[in-house]
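Visitor: In case you want the letters, here they are:
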Amino acid sequence: MKVVVTGLGVVSSAGIGKASFWDSIREGRSGVKTLEGVDTSRLKTRIAGQVTDFDPSALSYSAARNLDRFTQLALKACEEAVEESGLSGDPGRLGVILGTGVGGIGTIDDQQPALHTHQRGPQILHPLTVPKAMFNAAAGHIAIHYGIRGPNFTVSTACSSGASAIGEAVRLIRHGYADAIIAGGTEAPLSYGMFAAWNAMRVMSVRNDDPAAAVRPFSKDRDGLVLSEGAAIVVLEREDLARKRGAPIYAEVTGYGCSNDGVHPTRPSVDGQVAAIRDALRDAGMSVDEVDYINAHGTATTANDVTETKAIKQVLGDRAAKVPMSSIKSMLGHALGASGAIEFVSSCLSLRDGIVPPTVNLHTPDPDCDLDYVPNEAREMPLNAIMSNTFAFGGCNVILTLRKPENTL
Amino acid sequence: MSTIADQVREIIASELKIEADSVTSGSTLEDWGADSLDFLEAIFAIETHFDISFPDDEESRAVSDFDSLVRIVEGEVNAKVAA
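So the sequences go chain by chain: A and B.
The opening position of the first sequence corresponds to residue 1 in the working numbering, with each subsequent residue numbered one higher.
The opening position of the second sequence corresponds to residue 1001 in the working numbering, with each subsequent residue numbered one higher.
Source of the hints: derived by calculation from the structure; they are not laboratory data.
Here the structure is a predicted model, which means the values were calculated and not measured.
Any given hint could be a false lead.
[Said to hold, decoys possible] Residues on chain B that point at chain A, a partial pick, calculated with CB under 10 Å:
(1) E1041
(2) F1044
(3) T1048
(4) D1051
(5) I1052
(6) F1054
(7) D1057
[Stated by the list, open to error] Mimicking DSBU-like on lysine-lysine, the simulated pairs with C-alpha atoms at most 35 Å apart in a straight line are:
(8) A:K132 <-> B:K1017
(9) A:K322 <-> A:K310
(10) A:K2 <-> A:K310
(11) A:K2 <-> A:K322
(12) B:K1080 <-> A:K244
(13) A:K220 <-> A:K132
Every residue gets a Cβ at the ideal spot worked out from N, C-alpha and C, and that includes glycine.
With the rest of the complex left out, here is chain A:
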């Protein structure tokens, strides 16, 4: 059974809504800025991909005001995707599958100072701390908002979470457990404690004076990733039902592959990535010759960029150098569990428009990164099939493949 994408929604540091997002990405505009609202005075990194101009009180879901930001961002992206899709059907046959790496960490984090120092101590905690912070809060509230009663769960595979959610949703539909699923990823990790924790890992760029130029995937002068927030939601449906109701169709999701490195908690492995890529291609019944473009994981850490390049070369062989592969994290920063879903949305828009977004800030390639990373400027080209890579702490590798639908938008 084929599964297609009938609606897209995105909230990102480079734009809210897919029109604004896609304008930025195509034109190579970065969403990385000086981080506001967090005391960064004692931190080495003071920049982030923050979502600005977002007003949760304007959400159509009336209870949105009092939710964690990761749920609010998901609701915003969901509004756009569901409205575009015109999703309908038996509520028991509709599902919600989301991914998040750190869930409602901000709700916990923001209350730590009061918990430890306020005279009322633990009594100062908000009574809804638990339901706000729980990882499945976003998926739960989406189901409440739309009255959806089918499968509902939240996956957490760190930076692959959003892609895992889309892949798992595709499988549920393929195997008949649902007719349509709202799927995607959401992340709001820019709270003081979480941001400081990423500083402590010493993997973030310190190019504080030039935020837009900070994320430099595959570049010799890279100095790490930039943390960001955001959400992306897609509506996935059985193709026959989507066509029957005349829904807009962006893409067919053809393959989902996943593997684990089984080696190290944070260091990526070529073998693990290769296994996931092969798994996705096998699932799609696709040969390497059919891949027109790869949306890279491309975090701008040495460990990622070199490993990802090696894995692609191993699977694609001679063809690797001919297939463009770009990292939109160069503009957005790394939205952890949302990133895979945001990149999936970007890939759907690439298919629609025949446009490959660039890897910006790439002027001096790392000698160990010698593929075509689409440096600095978007490229127009015919696109029929795309592969989207995500790799994560915990050794979780998740690959999605998508292709142009038979009757395009």
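Since the structure of chain A is already known, use the hints to place chain B on it.
Guide: Chain B in isolation, oriented as in the chain A frame:
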């Protein structure tokens, strides 16, 4: 200065988005159309406003009417003043 009962009434009305007139002596959670989660938030707002903590006893856990609520708040506020 308004009484404790008046202040409690204002907070409940504002948190539950209802008219203050409906928060009267003898009225209950049911009259206000609030569920237990909404009410937890109202209690939290009351605690924050008066800088008190509701005791974690049976009465406080079961409270669901205006008069009991005011009695608990008065008790805690007076205990704070005495301390």
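Visitor: Against the structure, test the hints numbered earlier, and report the numbers of the ones violated in rising order.
Guide: Hint check: 7, 12 and 13 fail, others pass.
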